[in-house]
Structures are given as structure tokens and as C-alpha cells.
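Engineer: Here is what each chain is made of, one letter per residue.
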Amino acid sequence: MNFAVLQFPGSNCDQDCVHVLRTVLGHSAFLLWHKEKSIGDADAVLVPGGFSYGDYLRTGSIARFSPVMNAVKEFAAQGGHVLGICNGFQILCEAGLLPGALIRNRSLQFRCEHVYLKVANNDTPFTNQIPEDRVLRIPIAHGEGNYFCDEKTLETLETNGQILFQYVDRDGDLTDHANPNGSLKNIAGISNVEGNVAGMMPHPERASELVLNEDDGRLIFESLLYALNPGLTTA
Amino acid sequence: MPADPTITPEIITEHGLTTSEYDRIKEIIGRDPNFTELGIFSVMWSEHCSYKNTRLLLKNFPVKSPRVLVGAGEENAGILDIGDNLAISFKIESHNHPSAVEPFQGSATGVGGIIRDIFTMGARPVCAINSLRFGELSNSEVRRLFRGVVSGIAHYGNCFGIPTVAGEVYFDKSYEGNPLVNAFALGVLRHDQIARGAAKGVGNPVFYVGPATGRDGLAGAAFASQDLTEESAEQQRGAVQVGDPFMEKLCMEACLELLSTGAVAGIQDMGAAGLTCSTCETAARGGTGVEIDLAKVPQRSPGMTPYEILLSESQERMLIIVEKGREEEVKRIFDKWDLPWAEIGSVTDTGQMVVKNHGEVVADLPAAKLADEAPVYQREAKEPSYINEVGNFTLDAFEDQGDPQETLEKLLEWPSVASKNWVYRQYDHMVRANTMVNPGSDAAVIRIKADSVPGGGTGEDFPEKLIALAVDCNAVHVYLDPYEGSKAAVAECARNLACTGAVPIGTTDNLNFGNPHNPELFWQLRESVRGLAEGCVAFNAPVTGGNVSLYNQNPDGAIDPTPTIAMVGLVDQKEHVTTQWFKDEGDAIILLGDLVDSSDDLEGLGGSAYLQVIHGQKNGSPPACDLTTERTLGATLLGLIQSGLVKSAHDCAEGGFAVALAESCFSELHGRNTPCFLGADVNLSDSVDIRLDALLFGESRGRVIISCSDLDAVKVVERAKLMGVPSQRIGTVGGDQLKIKSSRGEHAWEIAVLHDLWWNSIGNAMA
Amino acid sequence: MPLDPWALNDVFQGELLMKAKVIITPKAEVLDPQGKTVQTALEQMGCTGVREVRVGKYVEVEMDGDHDTIKTKLSEYADKFLANPNIEDYRLKLED
Amino acid sequence: MPLDPWALNDVFQGELLMKAKVIITPKAEVLDPQGKTVQTALEQMGCTGVREVRVGKYVEVEMDGDHDTIKTKLSEYADKFLANPNIEDYRLKLED
Ligand SMILES: Nc1ncnc2c1ncn2[C@@H]1O[C@H](COP(=O)(O)OP(=O)(O)O)[C@@H](O)[C@H]1O
Ligand SMILES: [Mg+2]
Chain A
10 MNFAVLQFPG
20 SNCDQDCVHV
30 LRTVLGHSAF
40 LLWHKEKSIG
50 DADAVLVPGG
60 FSYGDYLRTG
70 SIARFSPVMN
80 AVKEFAAQGG
90 HVLGICNGFQ
100 ILCEAGLLPG
110 ALIRNRSLQF
120 RCEHVYLKVA
130 NNDTPFTNQI
140 PEDRVLRIPI
150 AHGEGNYFCD
160 EKTLETLETN
170 GQILFQYVDR
180 DGDLTDHANP
190 NGSLKNIAGI
200 SNVEGNVAGM
210 MPHPERASEL
220 VLNEDDGRLI
230 FESLLYALNP
240 GLTTA
Chain B
3 MPADPTITPE
13 IITEHGLTTS
23 EYDRIKEIIG
33 RDPNFTELGI
43 FSVMWSEHCS
53 YKNTRLLLKN
63 FPVKSPRVLV
73 GAGEENAGIL
83 DIGDNLAISF
93 KIESHNHPSA
103 VEPFQGSATG
113 VGGIIRDIFT
123 MGARPVCAIN
133 SLRFGELSNS
143 EVRRLFRGVV
153 SGIAHYGNCF
163 GIPTVAGEVY
173 FDKSYEGNPL
183 VNAFALGVLR
193 HDQIARGAAK
203 GVGNPVFYVG
213 PATGRDGLAG
223 AAFASQDLTE
233 ESAEQQRGAV
243 QVGDPFMEKL
253 CMEACLELLS
263 TGAVAGIQDM
273 GAAGLTCSTC
283 ETAARGGTGV
293 EIDLAKVPQR
303 SPGMTPYEIL
313 LSESQERMLI
323 IVEKGREEEV
333 KRIFDKWDLP
343 WAEIGSVTDT
353 GQMVVKNHGE
363 VVADLPAAKL
373 ADEAPVYQRE
383 AKEPSYINEV
393 GNFTLDAFED
403 QGDPQETLEK
413 LLEWPSVASK
423 NWVYRQYDHM
433 VRANTMVNPG
443 SDAAVIRIKA
453 DSVPGGGTGE
463 DFPEKLIALA
473 VDCNAVHVYL
483 DPYEGSKAAV
493 AECARNLACT
503 GAVPIGTTDN
513 LNFGNPHNPE
523 LFWQLRESVR
533 GLAEGCVAFN
543 APVTGGNVSL
553 YNQNPDGAID
563 PTPTIAMVGL
573 VDQKEHVTTQ
583 WFKDEGDAII
593 LLGDLVDSSD
603 DLEGLGGSAY
613 LQVIHGQKNG
623 SPPACDLTTE
633 RTLGATLLGL
643 IQSGLVKSAH
653 DCAEGGFAVA
663 LAESCFSELH
673 GRNTPCFLGA
683 DVNLSDSVDI
693 RLDALLFGES
703 RGRVIISCSD
713 LDAVKVVERA
723 KLMGVPSQRI
733 GTVGGDQLKI
743 KSSRGEHAWE
753 IAVLHDLWWN
763 SIGNAMA
Chain C
212 MPLDPWALND
222 VFQGELLMKA
232 KVIITPKAEV
242 LDPQGKTVQT
252 ALEQMGCTGV
262 REVRVGKYVE
272 VEMDGDHDTI
282 KTKLSEYADK
292 FLANPNIEDY
302 RLKLED
Chain D
212 MPLDPWALND
222 VFQGELLMKA
232 KVIITPKAEV
242 LDPQGKTVQT
252 ALEQMGCTGV
262 REVRVGKYVE
272 VEMDGDHDTI
282 KTKLSEYADK
292 FLANPNIEDY
302 RLKLED
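Protein chains in written order, with this note's numbering: chain A, 10 to 244; chain B, 3 to 769; chain C, 212 to 307; chain D, 212 to 307.
Treat the hints as calculated values from the structure; they're not laboratory data. From a predicted model like this one, the values you see are computed outputs, not experimental measurements. Where a beta carbon is used, it is the ideal one built from N, C-alpha and C, also for glycine. Check the hints yourself; a few may be wrong.
[Claimed, not checked] Ranges of calculated distance between the beta carbons of each label pair, as one might list FRET restraints:
hint : chain 1 : residue 1 : chain 2 : residue 2 : range
1    : B       : GLY737    : C       : GLN255    : 39 to 45 Å
2    : B       : THR20     : C       : MET256    : 44 to 50 Å
3    : C       : GLN255    : B       : GLN407    : 44 to 50 Å
4    : D       : ASP290    : B       : PRO11     : 56 to 62 Å
5    : B       : GLU138    : C       : LYS282    : 52 to 58 Å
[Claimed, not checked] Within a straight-line C-alpha distance of at most 20 Å, the following computed EDC-like cross-link-like pairs (lysine to aspartate or glutamate) qualify:
hint : chain 1 : residue 1 : chain 2 : residue 2
6    : D       : LYS238    : C       : GLU273
7    : B       : LYS422    : A       : ASP224
8    : C       : LYS230    : D       : GLU254
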């Protein structure tokens with residue numbers, strides 16, 4: 010498979026995603042500069058983490074106007090798979106590809122630590138390889154990951170199974186203590202109604218190799234690979 | 003534009019220049035300088051830029067080893083070979099005074115400055131660490147500074163995308179009003195990617211890249227070179243530098259991309275003394291001259307004078323000397339990254355730094371003399387009177403502790419010993435996906451992979467390298483005995499690296515001291531440098547660069563002398579990476595080194611955390627540091643680790659044996675709010691002739707607590723002894739209590755309780 | 212490039228230069244962690260009687276054009292860029 | 212908690228409730244990277260004629276008290292807490 014990893018001014022997890030896709034999973038991946046108008050021959054798009062445009066004004070608010078985002082929107086409209094991680098999630102929300110918004114952590118502090126995640130829906134292109142009841146351990150690193158949407162949107166998210174990941178404690182329980190940023194319903198990741206566009210605050214690319222002490226994040230990339238082509242095996 | 007003032011003796015003094023220095027300037031240029039030129043001399047000859055009071059001392063540092071590719075002082079940062087055509091560049095730098103004035107921006111721009119130093123060398127910055135000192139947290143002004151500094155570092159590093167992987171924080175009254183903020187960055191490059199800050203090639207154009215110049219940070223270098231007073235702070239408040247990490251990230255990417263084209267003849271960041279320092283230093287290094295026109299320099303504020311433009315310390319700016327004929331490549335790349343640039347002048351063969359403004363010459367000075375011929379002073383040194391008092395201190399007045407229960411709790415809760423998670427959880431310590439050992443263990447470990455080098459990650463490959471980093475300095479020990487304390491700072495750093503499985507390869511130091519004109523303070527500095535130099539020689543870890551920050555005082559006096567040492571080491575294989583936490587129930591706990599240094603009358607309690615916390619005393623000779631013993635210990639530990647025998651290793655430092663043992667029982671947090679504990683059952687009842695407080699809380703040097711599987715215990719002890727390191731099995735890992743049996747009885751603590759005190763102490767103080 | 216306050220000839224060249232202000236506030240139903248923290252802090256410092264604090268953004272734009280053009284233009288950009296309608300309200304104010 | 216607009220009995224209980232606004236802007240001579248970035252973004256989106264953008268903060272405080280007391284109180288806290296005097300200016304506005 011061939012992945013396009015978007016690169017905005019201020020992206021800083023772009024290379025990390027390329028590393029995991031290429032070196033860890035053995036697929037091809039290329040950096041796609043934000044001024045490009047097409048996503049080329051990519052099979053899927055990753056919107057990586059970082060501080061696009063310095064996170065000035067609002068996270069993701071400027072990046073979403075980059076020329077490449079039009080191409081991403083078209084790609085998504087045709088059913089293409091798009092995954093936004095951290096700042097990528099924020100950009101996808103700003104771009105209207107995902108509902109809701111990510112506001113300031115309730116602690117008002119940046120938080121970098123491992124969190125536990127429950128998979129709220131195992132039947133999606135981003136979670137299909139994750140065993141039911143498996144609690145994932147993946148790091149977060151953000152100052153604005155507090156997911157918010159209005160009540161009606163929340164209802165639709167719930168009814169449609171659009172909530173993908175929720176912050177839980179080690180035993181898988183949804184507690185306030187486990188919520189690192191104040192997100193509604195402990196939401197850590199969601200998808201659009203169609204299910205082909207997803208965003209998540211935790212960084213699976215930082216937890217895809219055992220030398221970095223954790224490889225639960227791999228399951229998310231493997232799910233996506235399976236969704237793109239069920240016949241594939243990964244390295 | 004206001005006319006330049008005429009130069010009077012008052013103006014000369016205000017510029018921090020003495021009459022004899024002024025005479026020297028006249029001698030060098032053969033006439034009176036104009037106001038702009040005076041400003042240039044004042045910053046170039048400030049302590050910050052010229053090291054005029056410390057240059058002679060710094061000559062004592064070892065600076066050579068077969069690994070050194072670029073040595074200390076040659077360029078912005080030194081470079082060490084790490085094999086396979088790869089190299090690392092690292093350096094530490096202070097931003098103390100700016101942080102005292104404006105903690106958030108002061109620390110943020112400190113991080114920005116050191117990152118620039120690294121990518122100026124052609125290296126890709128891959129990690130940062132920092133060393134911080136504040137007054138006591140009970141003071142609300144201290145909390146404001148602490149909060150501001152930490153969030154400033156977080157803001158800059160996180161946004162730039164560099165992981166902040168280690169650091170240290172201490173709280174002591176002596177830093178009240180004068181916090182220390184020392185920031186370190188490390189970058190990676192190939193040998194053939196080393197860039198030079200020299201203005202080479204007569205006729206080559208000089209480019210300015212980065213945001214426009216404003217009045218910010220005017221003469222910051224000079225500000226850093228005088229005592230921090232209410233007046234000097236007030237002056238600086240009008241000129242706070244604001245950092246833009248986003249801009250710097252773009253600037254770095256653009257510079258690295260440009261360097262790979264070969265169109266760059268020389269490159270230099272505009273740090274302290276901005277445009278002034280960068281032009282005259284590049285010319286001096288190139289043996290050339292440089293001519294620039296200020297009218298071409300992008301300006302943010304209207305009506306700036308040449309003096310202001312030259313001395314501004316606006317952030318995120320670079321000076322690039324381009325191979326003639328290749329200007330278009332520069333423009334293309336900087337336009338791609340939407341970065342402002344301007345061609346402001348060219349390289350000449352005159353040896354002069356000529357500055358024009360709209361064609362009119364406003365400064366014309368000999369570049370090499372300006373950069374290299376600053377006055378050098380041998381300051382007077384005198385042993386301070388308190389040293390005598392320290393030497394007379396005995397333990398007689400203090401009764402030995404019968405019950406250590408509460409003492410251990412208090413020590414673990416003491417902010418200087420307590421967990422620094424309130425700090426490092428605000429730093430992204432994992433970005434770039436290389437951090438193998440996160441903050442919280444003795445040293446951090448990162449891996450160097452293909453995408454760590456500029457232009458890397460596109461197929462070509464090399465064996466991954468593992469780099470370990472630690473930063474240390476127990477300034478109380480340095481205060482009580484600058485020579486022994488400084489040796490010990492180096493030894494502790496090396497020990498922390500050894501505990502992690504690394505061999506030290508280089509050092510960078512930040513000398514934070516008081517006013518060098520005070521003979522007693524200068525004595526501290528001189529003795530400290532002597533100790534540091536010996537330490538670096540002992541561990542074969544040459545000094546590759548560093549920073550001097552003098553004039554650190556508040557109205558009550560100088561700070562404790564704080565020579566911060568950051569050391570970098572290499573881990574040979576990933577299997578050797580070791581952390582400080584106990585791993586498995588039933589493992590043997592072994593102590594390497596003597597429980598107490600028997601030649602020390604104070605049994606390790608001199609200058610200890612125990613004396614400070616329990617007895618309110620900062621007194622007594624600190625334990626001596628025997629570098630041979632330390633080196634043997636390090637080599638032995640490393641040998642054991644490399645043989646695969648060691649499961650955890652943690653050295654004893656502040657708080658002594660008991661604190662180190664407790665810390666080994668707290669695992670790295672498995673996940674948010676989810677600590678894991680493994681208790682320990684230790685028997686020290688053989689040590690009958692040692693005071694209990696000294697046994698548990700003494701800070702004798704050269705001790706490491708390791709754990710290994712029960713079956714290996716005998717082998718480990720025997721091997722260590724064979725290498726000449728005293729060693730004994732002292733207990734077993736397991737349970738949920740920390741149990742210590744001494745000749746005075748049995749003592750037990752719930753790990754969960756200790757962890758809670760230790761983990762939340764700073765967070766609670768900051769809530 | 213920053214505006215030179217003396218370069219008023221811009222105006223004389225027949226163009227107008229105006230200062231517009233966009234005040235962006237979190238919607239009432241959106242949690243405002245910053246406001247909450249400021250409120251608590253004020254109370255802790257002894258500032259009594261505070262009932263609510265909301266923290267928003269203030270954007271000052273200096274631009275060429277007459278009142279109406281600027282208003283139309285800026286409303287457009289405030290709608291689609293300066294404020295996020297999911298979580299924020301905004302008010303636009305023009306000088307005079 | 213957002214204030215219930217109908218709960219005017221606060222006022223009837225003899226106390227006054229006022230809304231004060233604190234507008235905090237980066238000082239003129241201080242770099243405003245955020246403003247600069249927003250300006251460039253506006254230009255790239257085709258919003259022409261923008262000469263300068265500065266981004267500041269807007270703090271809305273609802274508190275008990277009369278005009279003068281609130282003014283004195285808030286000025287004090289704006290000075291020492293809401294604004295960072297090193298790099299920011301502020302203006303205080305009271306309703307009415
Ligand atoms: N300012 C900081 N930034 C990042 N990590 C820090 C900071 N301060 C302390 N740490 C981390 O906390 C751990 C304990 O620090 P310290 O008590 O100084 O260790 P040691 O006594 O072994 O030198 C180390 O891993 C250190 O890197
Ligand atoms: Mg240690």
C-alpha cells in the first residue's frame with residue numbers, strides 16, 4: 010500500500026508516521042507538501058501530528074485552508090481512507106471532515122503520557138484488527154485534546170458507532186480519572202458517519218515498536234491496511 | 003531618527019566598559035569609536051560573548067579525544083564522531099536573566115537559541131534537556147517563575163517538535179529572584195554535513211533569513227553580563243524577546259534543505275548580540291571582511307537606529323553566506339517555506355566589518371580584533387570565610403535518628419528529591435519516535451535512526467545508534483566544597499549514564515556563578531573548574547562546548563555556585579539499555595560500592611538533603627569524590643550490564659541509600675495515574691558501627707543499587723569484587739512494602755504511601 | 212511589513228485605512244477551561260464576588276478599504292476562519 | 212456555570228451584577244507571531260489589503276459590585292494577573 014502523509018508548515022510527526030509505515034510495516038509512504046493540489050496515487054491519507062502553523066489562532070484553523078486539503082476532501086468524498094492523528098484530528102475537525110472540535114485541556118497544561126484506550130467500535134477500518142475488550146496503551150501529547158460537540162452531534166456519534174476510542178483506566182473502565190483532557194464522554198477518537206475518515210488524539214505511531222516500549226499502536230495501522238486490502242500481510 | 007548621543011564617560015560606563023577597555027578600543031581602531039561602534043564593542047566584549055573573565059580558566063578543560071571533530075570554541079557547538087560516518091553536536095546554554103524578567107518568553111527563547119546553535123552546525127536537532135533552579139516553592143513569586151519557565155520550555159520545544167527527554171530541577175533559597183534556566187539540545191549529522199560559521203569567498207553574498215528585526219532583546223548579552231538588579235531588570239522589561247517556535251521550525255527545515263544543496267559557504271545564527279556578533283564572528287573565522295547595509299535588513303519597528311538594528315536580539319534569524327551565483331537556490335527554498343529573506347551585503351577581503359545604512363558607513367571595525375581580541379582578565383581569588391566554618395562542622399550536635407520512618411517520607415516529599423513529573427509531563431518527550439527511556443530514570447536514551455540525520459529517511463540506512471543523556475549538579479555540595487562538589491557533579495553524570503548502560507563520550511557544562519569581581523565568588527569558580535576538568539579527564543569525556551553565566555545574584559547574595567554538567571554517552575546495543583526500576587519479584591538486590599565512606603568523618607552527611615530537610619542546615623564538608631573509584635565502578639557496572647546480568651540499576655544521590663531504594667521500588671508510570679510497585683526487603687543489620695541516619699540518608703559517593711535474578715546474584719557479587727568494587731547482596735525484590743532491617747530495628751514503609759508523597763509533592767505545591 | 216505611523220500618505224492616496232476588531236468568545240454551552248481557571252485563580256487571590264469568567268480572543272485587523280467593504284470582507288473571514296462556529300461566537304466592530 | 216439570565220433576583224437581593232471586559236493586546240513593540248501568522252493566512256486566502264493583525268485576549272468577568280468597586284478591583288488583578296505587563300497592554304471596559 011502507498012500512504013500520503015501530509016506535511017504542513019509546523020507538522021512534526023510526519024516523519025514518524027512515514028517511519029512506521031515504511032520501516033516497521035514495510036509499506037510505502039511519501040510526504041505530501043501542503044501546497045500540492047493532488048494526493049497522487051496514494052491509497053490512504055495520514056494527517057500527522059504537530060503544530061501546523063504554530064497552532065496559532067486555533068489548532069488546525071489555518072492548515073485546513075491549504076491547497077492539499079481540497080484534494081483530501083475529494084478523496085474522502087469518494088470513500089478514500091483518511092486518518093488524522095493529534096493535530097491531524099484537529100485539522101480534520103476544522104475542515105468539517107469530522108464533527109466537533111478540540112479545545113484546551115481542562116488542566117490548561119500540555120500533557121505527554123501513556124493513556125489507556127478502549128475501542129468503542131471494533132468494526133471500522135481503523136479498529137478491525139483490535140481484539141474485543143483489548144485495552145490499548147498509547148501515548149498522548151497535546152495541549153488541546155478536549156473533545157467537544159453539541160448534544161445532538163454526540164447523540165449521532167453514539168447511535169452511528171462513530172466513537173472509536175475512549176480514555177479508560179487500566180481495567181477498561183470509563184472513569185473521570187482516566188480522562189486526561191476533559192473530553193466529552195472520554196472521547197479519544199471518532200470517525201465520520203461514512204466511517205472512512207477518522208481522527209484520534211493519541212499517537213499510535215509512537216507505540217508501534219517494542220524498542221519504544223509499546224506496540225499497541227500497530228494494531229490501528231494494521232486495521233487500516235486490512236481495510237484497504239484484506240489479503241495483505243504486514244512485515 | 004534621533005541623532006546618536008555623544009560619547010561621555012557615563013555612556014561608556016553604561017555600556018559596561020572600563021576606561022582601560024575604552025582606551026584599548028581607541029588603540030585598536032586608531033580613533034574614537036562612534037556611538038554605534040561603542041555598542042558593538044560593548045556587546046562583543048561582554049562576558050557573555052567574550053568570556054573575558056573566564057577564558058583563562060576554561061583553558062583547563064580537556065577538549066580533545068579521537069571522537070572530537072569540531073572542538074570547544076571553534077564553532078557554535080562541538081561535534082563528536084559516533085561511528086559509521088555519523089556525528090552528534092550538542093551544547094548547553096543559559097537564559098537566566100531573561101527568565102527572571104519574563105519566565106515564559108525567557109525560557110522559551112533559551113530553548114530556541116540552543117536549538118539554533120545546533121542546526122547552524124548542519125545537524126538535525128533530535129532532543130533537548132534542561133536544568134532548572136528556583137527558590138523555595140512556598141514563595142508565590144517562585145511558583146510564578148517556575149510555572150512560567152516550565153510552560154515556556156514546553157511551548158517552544160513541543161511546538162518545534164523536539165522531544166525534551168531529561169532534566170533536573172532543584173529548589174533552594176539562594177536562587178530566589180535569580181532562577182537558573184539552562185537549556186541543552188543535541189543534533190545528529192553525517193561527517194560530510196558539518197557546516198561552518200565562516201564568511202568564506204570574497205564576493206559571496208550575505209543573506210539574512212527569518213523574521214524582521216525589532217527592538218526586542220536590545221543588548222541582551224550585556225544584560226546577562228551584569229548583576230541582576232531591579233534597574234537592569236526594568237531596562238530589560240522594555241525589550242522582552244518573544245519566541246516563535248513555528249518560525250524556527252521552518253527556518254531549521256529550510257536551512258537544512260539549503261545546506262544539502264552545497265550553495266552555502268557559511269552559516270551562523272543570530273543569537274546573543276544578533277547581527278553584530280554573527281557578522282563579525284563569521285568574518286573573523288573566515289579571515290575575511292563583511293560589508294552589510296542595514297537599510298536592506300527587514301525591520302519590524304519604524305525608525306530603528308543602526309545601533310538598535312545591530313544590537314537587537316530578535317529571535318529566529320540566521321545569517322547565510324551563499325556561494326556566488328547560487329542565490330536563486332536560496333530564494334527558492336526560503337520561498338517554499340514562506341520565510342522572509344534579504345540579501346544584505348557581501349564578503350570582502352578587507353578584514354573589516356563595514357556596516358552601512360542607506361550607503362552611509364555607520365561602523366567600520368576590524369572583525370578579527372573585535373571577535374578575538376577582547377580583553378582577558380585574571381581575576382583575584384580568595385577562599386571564602388565560610389569554607390573554614392564548613393570544615394569545622396561535626397555531627398556531635400545531632401543525635402542519631404532512632405526512627406527513620408518520617409524522615410524518609412519527608413525526604414521523598416522534598417521538592418528537590420520528589421518526582422519531577424509535574425514538569426516533564428508538560429514536555430513532549432516522545433516526538434520523533436526515538437525515546438527509549440523516558441524522563442524518570444537515571445538517564446534518557448534515544449535512538450538515532452535514518453530520519454535523525456538531515457535529509458535522511460529516504461532509503462539509505464545505517465546501524466541504529468543509542469545515545470544516553472543526563473544532566474546533574476548538586477550545587478549545595480559545590481557551595482560547601484567547589485572542587486570536590488564539581489568533581490562529584492561530573493561523576494554523578496557519568497554514573498547515571500553507566501546505570502543506563504552507556505559509556506560517556508562528551509560533556510557540555512554551564513557555569514552559573516556570581517559576580518567574578520568578588521574574589522570569594524571567583525574562587526568558587528576557579529576551584530569548580532579545576533574539579534570539572536579533572537572529572538572530565540577521568541571519564542574521558544572532553545568538554546565540547548558550554549556556557550558561562552556570571553552575575554547570578556539577588557540582593558541577599560550570590561546563588562549557590564552551579565556548574566551544570568550535561569553528559570552524553572553511547573549505548574552499544576539496545577539490550578544493554580537499563581532503567582532504575584526493579585523488574586521482578588524475587589530478584590536479588592545488590593549494592594555496588596561501600597555503604598558508607600569510612601574515611602569521611604561525617605559519614606556522607608555533610609551537605610546532605612537529610613541535614614537540610616531534617617536539621618535545617620546547609621553545612622559540613624560534602625563527601626569526597628574519588629575519581630578512580632568512580633571510574634572503576636562505572637566500568638564494572640557497564641561490564642555487568644553488557645553481560646546481561648543486570649535488570650535494574652540506580653545510583654544513590656540526594657537522600658542517600660534509602661531514597662534511591664525507594665525510587666527503585668516505584669516503576670515508571672505504566673500509564674496515566676497508574677503506578678506499578680515492587681517492594682524490597684533489605685537487611686543492613688551487619689553495619690553496626692554506622693549511625694543509622696548516615697546509613698540510610700548519607701550521600702557517600704560511588705554507590706549503585708542494582709537488581710538481578712536470584713540465580714545470578716553470586717556471580718554478580720563475585721565479578722564486581724574481582725574488578726575491585728565492594729559489593730554485597732543486601733536483599734530481595736518483592737511485596738508491597740519497603741523493608742529495611744538495621745542493627746537498630748526493622749523499618750517498613752508502604753510503597754504506595756511513599757510513592758504518593760514523592761509523585762504528587764510538586765503538583766500539590768503548584769495546585 | 213509593519214505600518215509606519217508617519218506614512219499617512221496611504222490615506223491621502225485616496226485609500227482608507229481602518230481598524231477592525233473581532234471579539235471571539237466561547238459559546239455559552241461550551242466548557243471554557245481557561246475561564247474556569249481564571250475565575251478560580253481570582254477567587255484564590257482574594258478577588259471576591261466573581262460570578263463568571265469567560266476567556267476569548269481579540270483580533271485587531273488594520274486594513275485598507277471603506278467601512279462597508281471591510282465589514283463584508285471581514286465577516287466572511289470571521290465566519291469561515293477567525294471563529295469556529297461549533298464552539299465560538301464572534302462580534303465584529305469597526306472604528307467609528 | 213453560565214449565568215441564568217432569568218435569575219435576576221441576585222440583583223433584587225440588593226446587589227449589583229456587572230459585566231466587565233478586559234481586552235489584552237500584545238504591546239506595540241513586542242513581536243506577535245500569532246498576529247503575523249494570521250495576517251499571512253488571510254492574505255493567502257485572498258483577503259487583500261490587510262496591513263496588520265494583532266491577536267490578543269478577551270476576558271469577560273461577571274461580578275458583584277458597583278461600577279467603581281469593580282473597576283478598582285479588576286484593574287488591580289488585570290495589572291498583576293490577567294495581563295503580563297512585560298509584553299501586554301490591557302484595557303478595562305465596564306458595561307454602561
Ligand atoms: N526539567 C526536567 N525535564 C525533564 N525531565 C526531568 C526534569 N527534571 C527531572 N527530570 C527527570 O526526572 C528524573 C529524576 O531526576 P533527578 O532527581 O535529577 O535524577 P538523578 O538524581 O538520578 O540525577 C530524571 O529522569 C530526569 O531526567
Ligand atoms: Mg541518578
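Engineer: Go through the numbered hints given earlier and state which of them the structure violates, listing their numbers in rising order.
Structural biologist: As far as the earlier hints go, 3, 4 and 7 are violated by this structure, in ascending order.
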